[in-house]
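The residues making up each chain are set out below.
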Amino acid sequence: MSNIIYYVSFIILGIGIYGIVSQKNLFKQLISLSIIDTAVNIFIVALGYVEWGEAPIYSTITPVANFVDPLPQALVLTAIVIGVGILALGSVLLVHINEKYGSLDPDEIRDTREVVE
Amino acid sequence: MIALLIAVPLVFAFASIPHERLGRYFLPFVAMFNLVCLFFFMHPEQILEVGKWPAAYGIALVLDNVSYPFLIFVNFLILMMSLSATLENRYGTLLLVLTAAVNGIMLTGDFFNSFVFLEIISVIAYIVAAHKDNALGAFKYLIFGGIGGTMYLLGAVSVYVKSGTLNMAYASFITDPMVVPTICIFFLITFLVELKVLPLGLWAPDVYSNGSSVTPIALGSIVTVSLVYLFSRIFLNIFDLPNPQLVGILAMVSIIFSELGALKQKGLGRALSFATISGVSTVVAALSMRESEITSAAYFYLFNDVVSKFILFTLFAYLGERGFKSNKTAGIAFTFASLSVVGFPMFAGFWAKYYLLKALFQVNSYALPAIILIAAVIEAGYLIKWNVELWYKEEDREKDREDVEAEKAEGVEEVEEVEDFVPFGAQVVTLLLALTLVVVGFMPGLIHDQTMSIANHVLDFRPYLDLILKGGM
Amino acid sequence: MQSLLLYLAIGALVGYFLSMINKRLGPIVLLALSLYGLFTLWNMPIGSVEDLFGFEDILQFTALSKYFSIITLIVFSCYAFFNIVWISKAKRPYAFSALSILTLFGTLGVFLTPHLIALYIFWEVAVVASLFIVPMGKEESKKATIWYIVISSIGSYMFLYGTFLLYSKFGTFNLFEISGDIASEGTGFKWLVSLLLLGAGVAKSGIFPLHVWLRNVHGNAPDTFSAVLSGQLVKMGSYIIALFLGAFPIATMFSQFYAGVNIFSYVLIWLGNISILIGTFMAIKQNDMKMLMAYSTVANGGYILIGLALLDQVGFAGGLFHVINHALAATMIFLSFAAVVYRTGTTKIDEMGGLIFKMPVTFVTYLVGIISIAGIPPTSGFVSKWMIFQSLISKGMFVTAMFTFVGSIGSFLYVFRPLAGVFLGQLKRKDKDVKEAPMIMLLPMIILVALTILWGVFPQQVLVWVTDVQRQFGMEPFKFDGTVLYSNLGHWDSWTVFVMFMVGFIIAAVIYILMPKGKKIPLDDQYTSGEFLHNFDLYHYATKYYAFLEREYEGHPSFEDWYTSIVNVLKAIGKGVDYLVRRTASAYTFWMALVLALLLWVRW
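Chains as they are written, first to last, in my numbering: chain A, 353 to 469; chain B, 186 to 658; chain C, 45 to 648.
Please keep in mind that the hints were generated in silico from the structure rather than gathered at the bench.
Bear in mind that the values here come from a model prediction, so they are computed numbers and not experimental data.
Cβ coordinates follow ideal geometry from the N, Cα and C atoms, glycine included.
Take every hint as true, because none was put in to throw you off.
What the simulated footprint calls covered on chain C by chain B, stretch by stretch (three residues with Cβ under 8 Å from a Cβ of chain B suffice, anywhere in the stretch; the number is not a length):
1) 152 to 165
2) 189 to 200
3) 209 to 223
4) 636 to 645
These stretches of chain A come out as covered by chain B in the derived footprint (C-beta under 8 Å, 3 or more residues):
5) 384 to 398
6) 420 to 429
7) 432 to 438
8) 442 to 449
Just chain A, with the same shape it has in the complex (with noise of 0.2 Å):
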């Protein structure tokens, strides 16, 4: 039960960066990066999953239980934050890539990259 969760980060992983490498629009290659990063999320939570585990919380009713490890989780919490940054500044370069070439298409892009030059 607890490997599959790791097998479906690594799949996901793979998802990612087979769309890095076949698509060509640009918003495409930032949401296959972002899956990417959500793959590693999934695998670090994974890492800290004890089965049966409850949640780490001190209280009169689990003294001493069970936890899962909780450092994973805050480190992965952390992760999303800087991943949604890097999605927002992504997306934020790809809005301006589009005003100045009228297109996310990289072919045509060159393609108005060397008229301009």
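Given chain A, work out where chains B and C should sit, using these hints.
Here is chains B and C on its own, set in the frame of chain A:
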């Protein structure tokens, strides 16, 4: 105390948000403040445990003999850049955050913390890269850097899984022969991307050649130096570099191909970008040898390369289509910097090459010196070509300008602009740096003593571990 | 020595600022420094050792240093003297003067130190200083600068690599400390080191295959600076060759190959042969007088190399003697060219003519210069060529002797071209008002003429310097007694020959005076028979002067083109790199995956 280096720039960054141009005025003072702090109030070998958490659990900021000189150098570069670059609108705020992040990445003793700082640096780097309407280059960098950053995260988490802590010093206790190389390769990919070693540094020429006075300096000088620090910390101090020979070969291939790329360029900006790739690749190739003399020489080489490229890129940004005839000061700084890059005697570059070659020959490494010298021949060819072209450009142009002036009577304004095309700040800074190159050229000991001390400390893991253990457990 | 170098370094700055007051002060500073240097070094005892800027015993005054420094300082004094007037035509007089002084600083430094790194530093100073003078010349001189720096860098980086190789083996940079131990090393190492170290000399003295820069650089540099380039900077290369061939026990390092000459020297001699051949034949083709002399420099570099590589009593001395001869002759010729250009404004041979009556002193300078280069007595050029011939013949190296002989014949041909084209023949209409060069320009030329003839008739002084060098390197010194020179095959008395020549000259002069004078007619009439011509230039007999010879080797391979195509191949690779850079992020990811795979694969 050492947290101030990160906190003060951040505070001022937030303070500058209400007004667009405020950050620009804060930046030099913040950099100055950092330098003053470093020189007078902070001295190596101290550790700060954030929130009083012991090092193994919490984040520790470490100021040791390796990070101290690097911090001084980087803050000095920031100060210089704040004076020389033309910072528009919110770039001041951005660079304040960059200052915080760069100081942070050099102080932190925690892998995840360094990942966060690395990502902050990257995000700012993407924005800075997009300067001068260069969104496409910045986007390429973003995809490349994004994957690189993910690799770093994977590496950091693997360290946590294996050692139970994110602290850099404790990470070295991982001895599993299967795991350590894997972790290192994750980290290595990030560094190869960020340090622009060629197959992974393909983003750099498009980004650096945008003609901005900020991008190549913020990325090529400041970020590069801080990442070389992190590279040495991780691969020389904590772990062993995986496949040092392969990394060396990659870097050597990168040196040659980037020089060839530079040779072909018709524009100065792209040529300089390729030259930067070659310079940093040389440093990486030398660092991969893991030997104290070579490491010291590599830092010397880095110093020379960064300072010279600072001058070259700044002047390129202001130069546009003009030559040096109307501005001899700029011309002299440019020529000095290019001579130093190639490694002619009487400049710092010569000693960088001298120490590097000497150290390499001492360990009977013959391939890298040959590559460096072949690269220097190519470099000499195109850099001198650019120098000659820029020095003797005006003669043809003067005629054109006369024609233009004859056509429109109000050409007076234009002429004035041409007379003084480099802002005063940039002129002073480039001249100062050029003089630094000359002074170091005559007294290499100034830098060599420092780099030697860094190299000895960075290759010796004990002091770092002791420092952290003393404060920890 | 230290103080001299210090004065020169300061002098470069002083010269720059004084030039701002008056342009002519720059060359005057250089002249004063050169004369001071000449005076000090002439009187300095051989074997003096000094510190330099706190480095102990870096400077060492050997016999070879003395010989080359004196040549250098003579050339520089004349050059500086000449420049006092000429500087008004320089494009950037301040920088020109300052860089000239710096060039002298660098070259003297090279001659004064056996410490290889210090030598390299001085070498590069000389290169950089001269590098920035070159583009002050003609329009093409900017391209020439690139040729200069690239070929020069190839040479000097070979030298640096060789230096560090030696250092890694012996742990010292002092040449004389190394030279004792090197013979016991492996054959491959010895070959590699010797070739690398001599690379700098080969590149600098314009020996095949690194000769291509000379035509561009000497031909396009500022006119007077060509004199320094050809008369002096090229000799820096000869110095390196002489130094290593002399200091290293070449004869015991390499096995004997042919006629008592070891294999390494033999390779060098063949490089010299090819240089003579290329230099001579290409010089015949040139229409630009400066480029012509540049190729002549290639050929003479070949002579020097052959002489030095013979490494025996007569040949080595001949090679060294040829250094000073060619230095003086090349300086003379280039200065006379500079004077001609100063007055006429062109370097193309077929755009001039008949200047003999307008510029007689310049003509005489050129004449003596070419006589010396062609090796005709009574000039000193004959003595050195005679010595090299003697050595070759006595060893039975007839093929090389043939090459040198062809080179000599060829040199008659090519030096005659500017003589006939520029000074003889009909005067161009545009040159009707040309005057003789100013007195200050003539003086250094006259001094050089006097020296060449003096040392041609009385070569003792030079031979003392040369034999000192031979003694210091442990060779059997060349034998001479007064004006009589001895070799294995015979002897030569330059005084007798001079007297014979003078007698012949006087007889000819008497006949000339006694015979009835010819009638002077306009020169055009001689070949137009009074016809009206639309285009005089086509009928100028300097146009396509040696067409009948050039035809014979028209389709010769050009190394310049060949090197350019190598650069183009490199640029094509660079274009490939650039193509990769311009790809999109998806292609980048492919590269990243590749590197990752490589890293993982090599591990396991």
